[in-house]
Every structure is written in C-alpha cells, then in structure tokens.
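Engineer: Spelled out, the chains give:
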Amino acid sequence: MRLRLNQKNIPILATIAVFLIIYAIGGFMYSGFFSLRVFVNLFIDNAFIGIIAIGMTFVIISGEIDLSVGSVVALVGVLLATLVHDHGMHPMLAIPICLALGAVLGCAMGCLIHFFQLPSFLVTLVGMFLARGLAFLLSLNSIPIKHPFFESLVDFGFQVTRKVWVPSIAMVFVAIFALGVFLSHFTKFGRNAYAIGGNEQSAVLMGLPVGRTKIYIFTLNGLLCALAGVVYSLYTMSGYPLACVGLELDVIAAVVIGGTLLTGGVGYVEGTLIGVLILGLIQTFITFQGTLSSWWTKIVVGVLLFVFILLQRYLSTAYSGGDVGTAKQNAQDDGRTATE
Amino acid sequence: MSLKPSFLQNEATAKLIWPLVALSAIIIFNILFTPGFFHIEIKDGHLFGSLIDILNRGAPVMLVSIGMTLVFATGGVDLSVGAVIAISGAIAAHLIRPDYVKGVIEYGELTPLFQVIAIPLIVSLAAGLWNGVLVAYVGVQPIIATLILMVAGRGIAQLVTEGQILVFIHEPFQYIGGGFLFGIPFPIILVLVALAATYLLTRRTALGLFIEAIGANPKASLYMGIRAKVIKVAVYMFCALCAGIAGLIICSDIKAADANNAGLFLELDAIAAVIIGGTMWGGRFTVAGSIIGALIIQSLTTTILTRGIAPEITLVFKAVVIICVALIQSETFRNILAGRLMKKEAGK
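The listed protein sequences derive, respectively, from chains A and B.
Note that the working numbering has the first sequence beginning at 1, numbered continuously upward.
Note that the working numbering has the second sequence beginning at 341, numbered continuously upward.
Calculated directly from the structure, the hints in this document are not laboratory data.
Only a predicted model underlies this, so the values are computations on that prediction, with no experimental measurement involved.
Glycine residues also receive a C-beta, built at the ideal position from the N, C-alpha and C atoms.
Hints are supplied without guarantee of correctness; some may be wrong.
[As the list claims (entries may be wrong)] Rough simulated footprint, nothing fancy, chain B against chain A, three-plus residues with beta-carbon under 8 Å: (1) 72-83; (2) 303-309.
[What the hints assert, rightly or not] In silico negatives: residues of chain A with every beta carbon more than 12 Å from chain B: (3) Phe129; (4) Ala131; (5) Asp155; (6) Val210.
Turn these sequences into a full structure, and let the hints guide you.
Structural biologist: Shown next, in the form of structure tokens:
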C-alpha cells in the first residue's frame, strides 16, 4: 500500500503523531515508560478491545454502527464461565459454542438491518440490551473460571527477554489484526465493504452483493466480539454480567481515532490498531500517574474522540473537492444521518 | 361535511389506538390475574395503589421520553440521557453534602434548596447545549455525538461523587421524589407540567411544525427559512433538561447519588417508549404516544415484578418488545406479512 499525502491520509498521520506525542511525553515523565514490557503490555491489556475494534472497522467502513459489542463480550464471558464452572463442560467445547453464539447474534442483527431496512443503530441497541439481559439471566454475580485447560491457554506464550512475556491473548490480537489487514486489502469482501460505505446506491447499481456483504460484516463483527469475550475471560479468569459497560465508546473511539470516517467508505484496519494503542497508552499514562482515578480514562477518551471528529469534519469541509464522499457529507449536514 | 374530523379520522389520535390497546391489554391482564391491582386507596390524604405506583415509578422514563420524542422528530437520537441523569443527581447530592467526598460525615450548613435544584438543571442544559452544538453546528451524527456524553458523562458524574455513593437526608429536597401535592405523588405532577408545557409550545405555537419540518425534510425546511440549527440545539437542551429533572427525581427518591447506576439503561426505555408510541425518525411526532409508550414499558416492568418473574428478564423482554414494534413499523416487514396473507387467501 502506497501512502500518499492526500486528504485520506491526514487523519491516520494525525493518529500516528498523537501516538508518538503521548508516548514521548510518557517516556519523558516516567522512567520505565519506554520499556519493551510496557509496549507488549499494550497488546495484552487491550487485546479484547483491539479484536472488537477490527470488526467494528469493517462495520463503520460500510457506513453502519454496532452498539452491542460491550454486552456481547459480557454475555460470552458469563456463558463461558457458566458452561465451564457450573456445568463442567470442557472449554474445548464451550469456546466454540460461545463463538457460534456471537456469530449468530451478529448475523441476526445483520439480517434485520438488511432485510427490514431498520437503522443499524436501533437494531444493535436492542442487541446491546438483549445480550446484557441474557447475561443477567445466566448469572448476576461474577463467576470464576477454573479449569486446567483454561489455565494452560492463559499460560501459553513465549518469552522474549527475561522480563518480557508474550501470552496467547496478545498473539490472538496480532493474528486477528493480520486477518483484518488481509480482508480489507486483498479480498472482494473488503472491497465490497468500502464500496457500500462510499455510496451504497452505486454499489447496488454496480451489482455488488450489498445485502450479503452487510450480513457477512455483522456476522464477522459478532464472531470477533465473541472471540474478544473469550479473550476477556482469559484475561480476567472470570465471567461478569456487568463487564464492559460502555465499551462501545472505546471501540468506536479507537476506530475513529484510527482515521476511519464515521460516514463510511474511508479507513484502514492499520489505523485502528494505532487507535487501540493510543487508548492503551492513555490507560498506561493514568496508571503510571497513580493519582488519577479510572473515570478520567472515560473522560479523556471522550475528549480525544471529540477532537478527532472535529479534525475529520474540518478536513472533509476544507477539501470539499476531495475524494471523501461529498454527497454523504451533504446528507450529514442535513442532519438526517440517523435515519440513513 | 364537518370541518372537524372525527376522533378516528384524525391522524394524530388514530396513531394512538394501537399503543392504547396494548396498554389496556396489560392492565386488563393485571386486573384479571393480579389481586388488588386496581385497588386505589387514600391514606392520610395521599393516593396509593398499583396504578399510582406505575405512574410514580414511570415518571423519570415519561419525562425523558417527552424530550426524546422531540429529538426523534428532528431526525436524531439522544443516548446521553442516562448519563445526564447521573450527573444531575451527583451534583444535587454533592451540593447537599459537599464535604462528604472528603470523608466528613456531619452535615454542614444546608445549601439553599433553590441552588440544589437550579445548579443541576443548569448543568443539564449545558450538557444538552454540548450535544446540540455537536449535532447541529459540527455535524456529527447524533448517535456518536451523544455516545460521547453517554460514556464520558458517567465519568464526569463519578468525578463529582469521586466514585462514592453520596447518601443524604434533606427533607425539602426529598419532596421532589417522595412528596405529595393534592394527594398526588409529586413526580406525576412534574410529568404533567412538562407535558402541558411541551403541548403548549409545540401545538399552540409553530415550533412543533418547525421541528417536524426539520425532521421530515431538512433541505425544504432550510429553504423555508427555518433556523434549523438553533431549533435543533434547543431541542437537545430541552431533552437534557427533562433528563436533569428525572435525575433529581431519582436522586431524591433513593436519597443518594449513585454515579454508576443512576439512569443506567434508561436510554433504551425512553427510546422504546418513543418508538412504541408511534414516533419514528424525522417528522411527525406524538408526545402523548410516547407517554403511553412509557406507561406500557413501566406496567410491563411492574407486571413482571409483581408476578414474581426474575427482574433480570425485563431487559430481554423490553428488547424483544422494541424489536417487534420496530418490525411492525417497517414497511418491508408489513409487505412480507401482507404477501404471506394474500398467498394464503389465494391458496384457499
């Protein structure tokens, strides 16, 4: 992929700049911030966010949105914990069941959105509450997951240096990232997603399988959410129905900060990775600072998302002759985007 | 031919028929199967009973859905109402016991009631201003614009309470959530006032028409000279104000500010109420429908609770109800249904 300095690439360059600035400030202020261990930890602590964010990138590129991600992670975590802990099921069986559940949920939402032309925001909002409700039905408490196989999954990994350990969940994240890059740049599926997001009507007229691609995208996203749920339970060794409330914002922020336009059609999975790393850096920063509380993360992420949205809006109006779907921007100015 | 259309021919009232039927069905079910459901008694000059309880408990959702209806009519949505509820409650409780977050247990001098009510509402209006400016002037999709406040707002509420649950005793303030006026619970009075104000503003002035025009056809409304941006900002501010009042009711009712849980998941209730009530994105809206929608949601919840079904199931139940209603309103779905029915008839 050739990077040209056109309007498309400015958000992603801004993303890289922000990442470097936060990283440099952190390194300047705290000793040990620049260590390889802190860097690897970014991939461990944010593996589950990263995996969803890659699915969400495809959803947003196709011009849709998915608000159900946090709840699906919680549902999968609780289901996995219930199956393994209460029913004594082997994780080798329980994990595929969880993944299938995520894919089915995603597929169902995709079908509702495509066949009945319901707004994706409404359908996934309902999905968000359905998944959360189902998680509450399964259990109201945090359930620990104790199983030899599960523990061996957690312990699986390799040593880089004496202090740095790369566990399985970080490897899963990197593998999914590679898959996302492959899907977006080298497959018909990826090209269709961009085309739908750019201009859905043109995509239909060109004879692209719009409906099928949309359903695939939501199924993929649901599957990745379920995978993230499994990774999250590996990370916390438990399932909790109130886990990940508000995760939607983090994920959407990661995607938007990564340079993907909310109007669809423009964006890179690579940018999303950096977006996730920026969120991770903010978290690390707050941890290193020690005096700031966890709610600051939410506020900072909100502010950062706001800044990047402003940047995108500025860029898309400043270069109105640019190749960002001008018609879509006009539609947005009309304020009818929620209906579309 | 009479100039006044009859009740059923009037489009606005005809829309209310199905929500009213659904509400009646739930109430009839309860009259038949829940003993004492219809029983209303007067204790110490105050009204009590299941029906009054539904109205009372449903007051926050009803208030928020009034605001949400107008936001829907402009073609937007406000996901931040739950967070605004949390912020408003957190500020009110913080004003009552400013030193509590520092670990001081004794009550200091009580802040005047006027300030305890006014400051949270002003902050709520500011939150609405933020949403409205993002949507109308910056041009961010309403979902994303309000999602920022939905999550970051809860962070702000936690910042105010420093992550604690602020408990308090403040007799005059507790009146908002637990008091009675003319024997009627005060939250119901607040809903009635908000409803009357909204009705007068939108149906007795041209404002309602402007809102519908913006939602139905933004471009045409622009050519008509409607100041769409200003009206949009005002609508988001109004919605946040409704949420702020709801926050005061909830905070005063439980005598505490819980930044994590106050108004959590209330967005869905409000959105469900609006959609059940017959308002879809952009254009025609009916505030009365939303109120009936909110009553349907609340009586469903009460029914589930009184029947001894696990309260956890309400979220699932609501999700199923809202998707069914959305499907029924989807033209494709209706066509499919109609197609099936016609085929069946042809088969006969």
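Engineer: Hints first: check each against the structure and report whether it holds.
Structural biologist: Hint check:
1. Figure legend: the region 72-83 of chain A, annotated as covered by chain B; annotation inconsistent (0 residues with Cβ-Cβ distances under 8 Å, at least 3 required).
2. Note: the region 303-309 of chain A has 4 residues with beta-carbon separation from chain B under 8 Å; the three-residue rule is met and the coverage holds.
3. Listed as a non-interface residue, Phe129/A fails to keep its Cβ farther than 12 Å from every Cβ of chain B; the least gap is roughly 4 Å.
4. Interface exclusion of Ala131/A from chain B breaks down, the closest Cβ pair being 9 Å apart, not more than 12 Å.
5. Interface exclusion of Asp155/A from chain B stands, the closest Cβ pair being 34 Å apart, more than 12 Å.
6. Every beta carbon of chain B lies more than 12 Å from that of Val210/A, the smallest distance being close to 15 Å; the non-interface claim holds.
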